[in-house]
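**Student:** Read off the chains here:
2 protein chains.
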Amino acid sequence: MWCKNAFLAHSRNFIQLNHVYKNFSAIASVIEKASVGEVAEVKGWVRNLRVQKELVFADVNDGSCAQRLQIVIPKNLKPETLTYGSSVHITGKLSKSPRGQLELVAENVNVLGPCVVLDGYPFNPRTTHSPEYVRQYLHLRSRTNYISAILRVRNSVTRHIHDFFASNNYLHIHTPILTSNDCEGAGEVFKIQPDNEETVKAMMQEGRDKDSVYFGTKTFLTVSGQLHLEAICRGMGNVYTLGPTFRAENSRSRLHLSEFYMLEAELAFCDSIDKLQAVIEDLLKYLFIQTINSNEADLHLIDKEKARLPFWVDKKFVTLTYNEAKSILDKKGTVSTEEGLNKEQELALVEHCNGIPVFVIRWPKEQKSFYMKECQDDYTKVDALDLLTPITGEVVGGSLREDDYEKLKSKLPSERLNWYLDLRKFGNIPTGGFGLGLERLLQVICGVNNIKDTLPFPRWPHNCDM
Amino acid sequence: MWCKNAFLAHSRNFIQLNHVYKNFSAIASVIEKASVGEVAEVKGWVRNLRVQKELVFADVNDGSCAQRLQIVIPKNLKPETLTYGSSVHITGKLSKSPRGQLELVAENVNVLGPCVVLDGYPFNPRTTHSPEYVRQYLHLRSRTNYISAILRVRNSVTRHIHDFFASNNYLHIHTPILTSNDCEGAGEVFKIQPDNEETVKAMMQEGRDKDSVYFGTKTFLTVSGQLHLEAICRGMGNVYTLGPTFRAENSRSRLHLSEFYMLEAELAFCDSIDKLQAVIEDLLKYLFIQTINSNEADLHLIDKEKARLPFWVDKKFVTLTYNEAKSILDKKGTVSTEEGLNKEQELALVEHCNGIPVFVIRWPKEQKSFYMKECQDDYTKVDALDLLTPITGEVVGGSLREDDYEKLKSKLPSERLNWYLDLRKFGNIPTGGFGLGLERLLQVICGVNNIKDTLPFPRWPHNCDM
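Residue numbers (the working numbering), protein chains in the order written: chain A, 2 to 467; chain B, 2 to 467.
Misleading hints may appear alongside valid ones.
Copies of the same chain look alike in the list, so a pair counts if it fits in one copy or across any two.
Here are the computed lysine-lysine pairs in the DSBU-like style, where the Cα-Cα straight-line distance is at most 35 Å [claimed, not checked]:
(1) Lys426 - Lys369
(2) Lys307 - Lys202
(3) Lys202 - Lys333
(4) Lys79 - Lys366
(5) Lys79 - Lys332
(6) Lys192 - Lys211
(7) Lys426 - Lys34
(8) Lys426 - Lys316
(9) Lys192 - Lys94
(10) Lys202 - Lys369
(11) Lys305 - Lys426
(12) Lys369 - Lys408
(13) Lys211 - Lys94
(14) Lys94 - Lys344
(15) Lys426 - Lys54
(16) Lys412 - Lys97
(17) Lys408 - Lys54
(18) Lys219 - Lys344
These are computed hints drawn from the structure, not numbers from a lab.
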């Protein structure tokens, strides 16, 4: 029989168990917790090596933090294979350098894996390689300062996102990657098929083509989890998802990827656009504050200018209607050949508002998706929003959802979405939600110009290495 | 200029901001925090309705917890459209029922969305529908007890996984969904293409087929993030990923999905299989303990028998070599026509060990993947492990990775993996890792027989609705 006391005893047990393989020797822990005179053990990679008359100085980093630990090695202890790029296991005693920095005086130096630069290693010591150069070596680039710092920030931002929603009682939902919904992506979707011809043959039924043989229907990679979130929201309340989404666009801009992560949230019982704006504004400010707190040294390594809170963090975000935004742009004389706002115009609006993020609301209906709710006082507009920030322009898009059964029915783009219409038929509630591009947010937080450097394995046209 | 004090001031600011749209009226909060005599506001769905002479009793649930709140409605306040399945907004005063349970005496009842069962709503009050029946209505099934409780457990288990690894300094890495590695999945992979014929035409180059027109190489959905994790691990230390993976198998068993979530971890500087076992055993025990703590009422709703800690949580897991396991099975007289262990044999081994989870280690080399490390004392075996549990059999698979450059080179299945070989050439380290199927783990934690009920939108052959 299970009882609370037994549980607590088990919890204590666990606390011991939990440390069996805790990474005690991580350089982050050594720098934070150990003190001069203590014995320490470090495993990592040599990021720099200076050989002097009596002593060798090796800067070692293990990826656990932005800092390198300086190792002082008496020359007689230096193995032949100790070079830039090699992996090492070092034991010794902690000491203070003449400059007052913590350093490790080695007593034992073991090279785990040598690194012969002339054998094709693409990086050199004391050299700043361009992001474009480094991007050619995806499998090795986590060894560079720039990329490893960004990946640590990405890890933290992801965690802060989950913390924000968990503390506000949102349920995390894994929306599906594979979907038979064919009408959200404006045609720029990937379709899937089994690769194995025997599987295709075995599953083939009369009248079906290869595209629909496996699932019985043509199947795509998701462009958004919103419609699925709406289904769960209408039974379980506030929900969110953070997962990969896909676009088969032929775009190679510094703001586009074929595979990227999107945070999407759906708010139950949400009946006004300003509630949605309040949550988005809270979330953005929370993420900037928490990330400075958790990763200041990493942000400093990526871009010194960004290692501080943005000035707007205690200011209210600006709100403009679409018409107001257009009239500001007209006065500036910017011209758009397309509907809506182009990237240049988005950035001009942020500049116009002195760099404070800008919500643009009340969009013309014909520019936005079928599921967006008509404004109550103007049937030509919908209750949609874009949030514009410096560097990337649009980083969030959202709307109230059309909850009128007849209106939605008249706009439904495909019979395949009858299930979505059904949601309005049985115990319907008002909802609203938004999507935030994780990589674009990371660009803004870190000050990274090219989106391809904000995730470990970027995919874009003609590039799917590894 | 940014400084620590300013940061703290901002943090305080945030704490106020953060509550703008906190879900104060969630039934979970009302039950936990409010007390008799207080005014309360509740929004949710009517899960049961009993009409008596003077009073109407409505059980309302909003998905925030397993419990329903009983609403007592004076008959004159009952709207016509208040029925089973309808969504409601109710204000009133909290009180105690004659049985001592918290209830809400309604002062205002507003039906947000009616629900006419005869109009096609598939569920009925006071009826237990079978999981197979409910599964036909994916878009509505989060309104059932069984599925909503499982989704809350899934949310918690996911969170506990992140907590476990964060507290042990593992970095969360988003490994890619799209990959050009073609040699891990034993042929059972999905391939992808742009759906838009114009995109295909615009990107077509001479000598390329449709499968490789977009990325310049044939591209698949991932079957594992392990190789990518290994690349990051060899620069940043301990890493893990938790994301979707895919198999294009023609299998409809209660244990298989076409899209499922896998937790994969890679341990830096890991040179023995027992370190790997220790982490896996810790993780499993941690997840069971934390989930009982966070979701006891949900587990009770799913299966009364499972709403307690398993007896093995303070016992050491059993370890058997593959040879030992085979000899136990031989004595039992179970026969396998295939290599390795079949499902029946896996479950027989767990039963043989009195229901305690069993590690099977030291597997014949020819049964396992090319990247697994040869045992030091027996070149016919590899340092691999399977962890077997009740209900599902195998739930974790793992190994030390071959770190000898020449041995790995001789086993490499494709030139496309030269990057993987490269990792052994430059500053190599010993690593080991494992993969855990999230849905199978949920089956074991919740006691769910069919894997299709452990995630919101299951995909399996001929089934990709929504």
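**Student:** Mind listing which of the numbered hints don't hold for this structure, in increasing order?
**Tutor:** Per hint list: 2, 3, 4, 5, 8, 9, 13, 14, 16 and 17 violated.
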